[in-house]
Structure formats: C-alpha cells, structure tokens
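**Q** These protein sequence lines map, in sequence, to chains A and B. Each residue of the first sequence is one higher than the one before, starting from 9 at the first, in our numbering. Each residue of the second sequence is one higher than the one before, starting from 36 at the first, in our numbering.
Warning: the hint list may mix true and false statements.
[To be verified] Think about it this way: if two alpha-carbon atoms lie no more than 30 Å apart in a straight line, the pair counts; the simulated BS3-like pairs of lysine-lysine are: (1) LYS67/B to LYS147/A; (2) LYS330/A to LYS370/A; (3) LYS255/B to LYS374/A.
What the hints contain is simulated information worked out from the structure, not anything from laboratory work. Model, not experiment: these values are computed from the prediction.
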Amino acid sequence: MNTELRIEKVSKSFPGVKALNEVNLTMKGGSVHALLGENGAGKSTLIKIITGVYRADSGVLKTNGEEKFFNSPVEATDAGIAVVHQERNLIPEFSVEENITLHHPPTKFGIVDRAERTRLARQALETLGFDIDLNERVKNLSVAQMQLVEIAKALVTNAQIILLDEPTASITSGETIKLFDVIKRLKESGTAVLFVSHKLEEVYEICDTVTVLRDGESILESKPLSEYKQGEIVDAMVGRHLADRKVELRKVNRSVEPVMQLTDIHTALGHEKISMSLYPGEVLGMYGLVGAGRSELARSVLGLHGISSGELKLNGQVVEIKSLRDALHKHRIGYVTENRKEEGLFLDFPVRKNISVTILSKILKKLGVISFQEEDSVSTKYVDRLGIKVVDNNQLAGTLSGGNQQKVSVSKWLAADTKILIIDEPTVGVDVRTKASFHELIVELANEGLSIILISSDLAEMISLADRILVMRDYQLVGDLDNSKDYTTMSRGIMTAIHSA
Amino acid sequence: MSPLTRIRRIVGDQRVVLTLLTVGLFLYFGMKNSAFFSTDFVIYPLLRDGAVLTVIGLAQLCALSIGHLNLAVGRMAAVAALAAGASYQYWHLALIPGLLIGLVTGALLGAITGWMIVKSQVNAFIVTLAMDFALLGFVTFIYVTFTGATAAFTTKPAGMEYWRNTSLHQYCIAGHCGPRVFPMMLVPAIIALILVGFMYAKTRMGRELLATGSNLRAAKLSGIPVDRRVIMAHTLSGLLAALAGVMLAFTNGSFTASIGSQFMLPSFLGPVLGGTLLVGGAVQVLGTFIGTMLTLVIRQGLSVQGIGLETLNIALGLVLLTALSLGQIQKMFTSIRMRGRT
C-alpha cells in the first residue's frame, strides 16, 4: 500500500491565539510536498501536531489510513514518521554517532552494539555524502554540520514519512544540492517528504505539491505546484490584507546629527566593517536570514559581548558602552530581546514588577525602599497606554498571551525613558491582530521621537515599518536600501542583496 | 473583596496551613503525653532551638532567593563562632564586639564564596560544597592547635548566661511580666526575620535579588548588576549563618568545632516547608520560622513519645516530601484557575 499522511480539519489554539484553523493537507509516498507560509503562519505548529508534540483541539490525522493522533514524538517515530526540526534536537555532549542512532540504538542482548551503530551512522552519512568524524561531540560541530547530523538522524530510522522543517536555512548551497539528491532518492523509493522552506527557488526545484498556510488557515491545499506561478504563491502566503493596508512613508530628517553612528565596527563574534547611522525618530530596519548576526551585533554594541575595533558615536560623542546597565542608565538605550520568555520577562513576577525593573532607582523612598505607589502608577500608565490586556497589574506575566507579554517587555524600556530602542523580532509567535497593534505602536513611538532599530526576519513587517532597511549576511552589511514600502520592488531588492554579494 | 475570596485566599496560604498543622501537632503530642506541655523542659528549649534554626534557615533562604544553594552554611557558622570564641578567649572582648567579629567573619566568607561563584562560573552547589570541606578542615585544625584536647574555647563573656537562660519573664511593665516560655534567644531571631523580610518585600536590593533568581538573563538584560547581586546574596547568607553559629555557641555555653554540623538539613527544611522556591525568585520569610517550628515540634514530639533517632529522621524526611508535593498540588490548582480565567 502506498504511504499516505492525511490531515483533515485540524485546529489548534493557544491562549489568546488561534494557531491553526481547520487545516487540510495530504501528502503521498513518492512525492515531495511543500508547506509554505510566512513566519507565524502555523507551519511549525502543524508539524508538531503531526509528530505528537502538541495535541490538536479538533480534526483528524490519518497515517496510511489509520485514524490516530500521536501522543508523543516516540509514538510518531514508531509509526514511521521522522522529523528534522527547525530548532535542532541534538544532544550536544553526545557523539555524532550516538546522536544519529539516538531513537533506536542497535542492541545485542540489551547492550548497545557499537559496531552496528557505527555502520548505521556511517551509512546514513554516506547517503548524504558528508564526511564528519563519527566520534566528534556534536557541540564541537558547526551549525551546518549539526543540521546534517539532524538529517542523518531522520534517515537512519527508515521512516516512510519525513518532515523537513527549513532544512536548508543554515547550510551552504553545495550542501543543499547534496541534500536535494538525497530527497530525490527518498522520493523514488516511495517515501513521502514534507519540505518547509522560505526559499521559493528551492521549492520549485524539488517539490511536487504545495500547501500554503496563512494566519493558521490553509489557503492552498495540496495543489500541484506546477500549476502556480511564483507570484501566485507569494500572494497566497502574504494575502491581500497586507497589500490593502495603508502604509505611509514617514519623513525622517537625515541632515541632523545621527543619534547613533557605527564606523567600521568589528566584533569578537565575527562582524566586519559594520558602518551605519540611526537618525532621530527613525525606524531603521535590519533584515537578514536567521544566523546573519543581527542580534549579535545589537548585543555587542550594547556591551554584552563588546566590540573589538571601530568607533561608536552617540549624538556625535565617541563612547564606550561597557554593559547593558551602562547602555540603559548612562545612554538611555533599551533592548527588547527576541526571546521574551527566556530573557525578557520574569514570568513568575506580576506585570507591575516586570515594568518597574528598569526604574527601581528612580522610584525609591528613603533607605532603598521602593515606593509601591509610584510603581503602581507607572505600570498602570503603560498597561493603559499599550493596551495590555490584564485583570490588574498584579497578574503574573507568565499568564499573559504572547503579544501582551511582548508589550510588557517593551513597557519596561519606555518607562525608563529610553531615547534609542533596539527591538529584536518583536512579533514572532504573535497573532495577526496583536501584530497589527504592535506595528502601530512602533510607528507611534517613532513619531514621538524615539529612534528605533528594528530587527526582523519577517519581510512584510520589515517593509511596512522601516524607513530604511539594512541587509545583513554572514556578519556583514550587504545592503542599505531606502524603503519605498512597495512590497514587490523592496522584497526583490532585499533578496538580491542577500543572494548576490 | 468578597468574604468568600478572602476565606479562600487565607486557606490557600501555605503559611496558614503550616501554622494550623504546627499547632495541631503540638496539641496532639501534648494530649498523648502531658510532659510535652512542660514550659521549662520542652517549650522553652524548643523555642530556643527554633530561634537558632530559623536564623540558619534565613541564611539558606538568601542563597535560595537567587536560585543558589549554600551547602556551607553549617561550616560558615562554625568559623564565625570560632572567631567570636577566640576573641573572647584571647582578647577578652565584651559580648557585643565579639559577636560583631563573628558576624564580619561570616559575611566575609559568604562574600568570598559569592565572588568565587561569579568569577569561576562554577555552580554554587559545587563551590559551597568545596567551601564546606575546606572550612571543616580549617576549624578542626585551629581548635586542636590552640586548645589541644579541650577542642573548645570556654571563656564566657559577661551576659552570655543571660542570653541562654532567661526569658521575657524578667521584663515587667506595671505588674505584667513577659511570658516565661519566651527565650531571650528569640529576640535576635525576630530582628533577623524583620530585617530580612523587610528587605525582600520592600527594598530595591530585595527586588533585584529576586529578579536575579527569577530569571538571571532577563535581570542582566534589564540592567541589574547580577554579579554583584550574587555576591550580595552569599554575603547575607554568610552573615546570617554567622549569627546562627554564635547563637548556638551561646546556647551550648562553649565554642566548639561541632557547631553547625547539624545545620544543613534544617537550613533547607524551614524555608522549603515555608514556601520558598528552590529555583529562586520567591521567598517566604515568615514561612521559614513556621516551617522550622513545625519540624521541631515533630522532632521533639516524637522523641517525647520515646521514638528512636532513626524513626525520627524517617518521619522528618516524609514530612518534607509531603509538604513539597502539597505545594505542587496547590500550584496545579492555581494554574487550572488561571487557565479558566483567560
């Protein structure tokens, strides 16, 4: 019987967000199925439902005709489904060999059969045509090598259904070609492959059918890819709602002194010759693929990693920022981190304490005692101003939805009266409506004179918000574009900058 | 607030449950054996021990507040007591100056520990464990070298007897005297409770310590000097351990190497039963006192029943496990309620 995976009317909600709404998808053995959509469209959620990480709220999953949701990734693996996740699931302290055979290490009398393990791992790597020392610890590998180990790990299970979530995001074009050969061979042997990618050229090269998700809904459902032009696919992904939205060009005065100016900055992390200027009231976008070094640049400039050479000027003065504490209290620069849960918030603190954390020194009475009255009024002010949905400002930050958490994370910097705000991937995992209100907020803040550096991997977001777009690739700036806010021309310009250089 | 929510909030408070449990057990043991109600032989010593163990619990609480452990609380107490004892023995210092020397010693030990944790980036568990061993050797060496076979500093500063043996009973206002069961030793413990409680509830320092414990990276990115806060937490831990060490020496009547050797388990029992999180970010200062008293009532109650030491330890271990799982269950209910709300 032919391999088939069928998803029917699958829905999934998270607190405050409808991640998937009656999604349908059918993938068959011997064909490669593209799953496309913008960031936050629901692709990863769908994959996690297939592999039993999440439980769907409703709908049906049929694997080779058998109707059943998997309760855990182990069950899914046992049913012949292998997945290469976007975020790698390798054990850093284990060797390449151990990682590849992690799920089903070959055993003899209950003891791991090392010779067989080596054979399996070597075979998987040879299939991929990659040469990595099998005994090397995974933590010592490059990101691209880890990605390959992850793929080898999926191959070794002899899965009939393989889900690849952005497998090419961090590997070189040479490695991509080899990967595609492997995918073609898998396809010929009757495996069903799901391929997630943001690179449409690749999709057209390797895929047969396509499903497009937008805001949790399947816009195109398992259609033959050859029937659609690239532009039609982009329209399906982006949707008319973005095209219709009025985006205004803002006027930024660039004849004045920049509030922040980098000249020939090099960092220990590998940034080279970074020069850029941020003007008062400007929204300066920084676009690039994941791993291009944008967040790392922001963190280096703010003193977390430090800069090794080059000049940093704030309002025309050469300065040295030694720590984030320095950046905040001396220079009034704030940094809204991309990992709000891990780095942005104190989840078990109430909203009130999360907002006041940057201004404790300003709301003190005698003897270092915090004025709860002031704390309350400041936090209430920002809860109201940003429309953060809370019962009261004593609600724990961990109980808020993603968008509201992000607003709390921004509030603490606004409360500290920052002049420059670096906002890193603000709307990842945030639903459409909150996203829109967040975009309005950014423009509003810039209009009030706040200078903003916006780091985002969401192209549509970047084009509708930024006044100027810097493009970064491999820790270098490869483009500096005035934003006309016209999606077609801008996206083409940005992609050219990323792919030519 | 409706009366119902108010009642629910009171019943839901772990401290209230703990207090009821402590009082209930106390009455139970008393009814089974009336000797348990003896002021002089049971309740007074119980409270006096409670005072010392509450302070050592607070020492641990300071480390827990930033998500660390201090496995060297007992030995820091021992070194501090050693310093105080030596200052009485050799320099004939008065009670308070000697106490201060002990406290400074403890604070310094804590600061050094904190500094090593920050600089080496090694887990606090390992650093304090190593510290514990090093100090154990040091303390034994000093006592043996200086006092030979006695292995103790026995000089008692003036006023020591007063602190170990008297109660509030001697203070009378207009014919009403304080209770005989209230040991003077509780006074420093109460002062420590108030100061530590005040710091965590109201001050910037307390808030920043808790923020560091709640999410180190977020604290750092919010401009909190997390390294200095880690050192501060361990300094406070050392300071309070020192206070507990000197208090125990006063209670025992001599300064010996064995001071603090029994501190480790109680230092965790009090805070953890009281609702302080092991992972950092939340503390229950008053809960530490109640938790400590609960363990003492159980220990004392069972031993009055004539139960052996081994059984006693089994019982205490079970109490700790039960209390921890109760906390987990309570958390589960809270999260279900939260989910219902959104």
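**Q** Hint by hint, say whether it matches the structure.
**A** Hint check results:
The straight-line distance between the Cα atoms of LYS67/B and LYS147/A is roughly 62 Å, outside the 30 Å bound, and the hint therefore fails. Among the hinted pairs, LYS330/A with LYS370/A is consistent with the structure: their alpha-carbon atoms are about 22 Å apart, no more than 30 Å. For the suggested pair LYS255/B and LYS374/A, the alpha carbons sit about 25 Å apart, so the restraint of at most 30 Å is met.
Figure legend: structure checked against the earlier numbered hints; the only hint not met is number 1.
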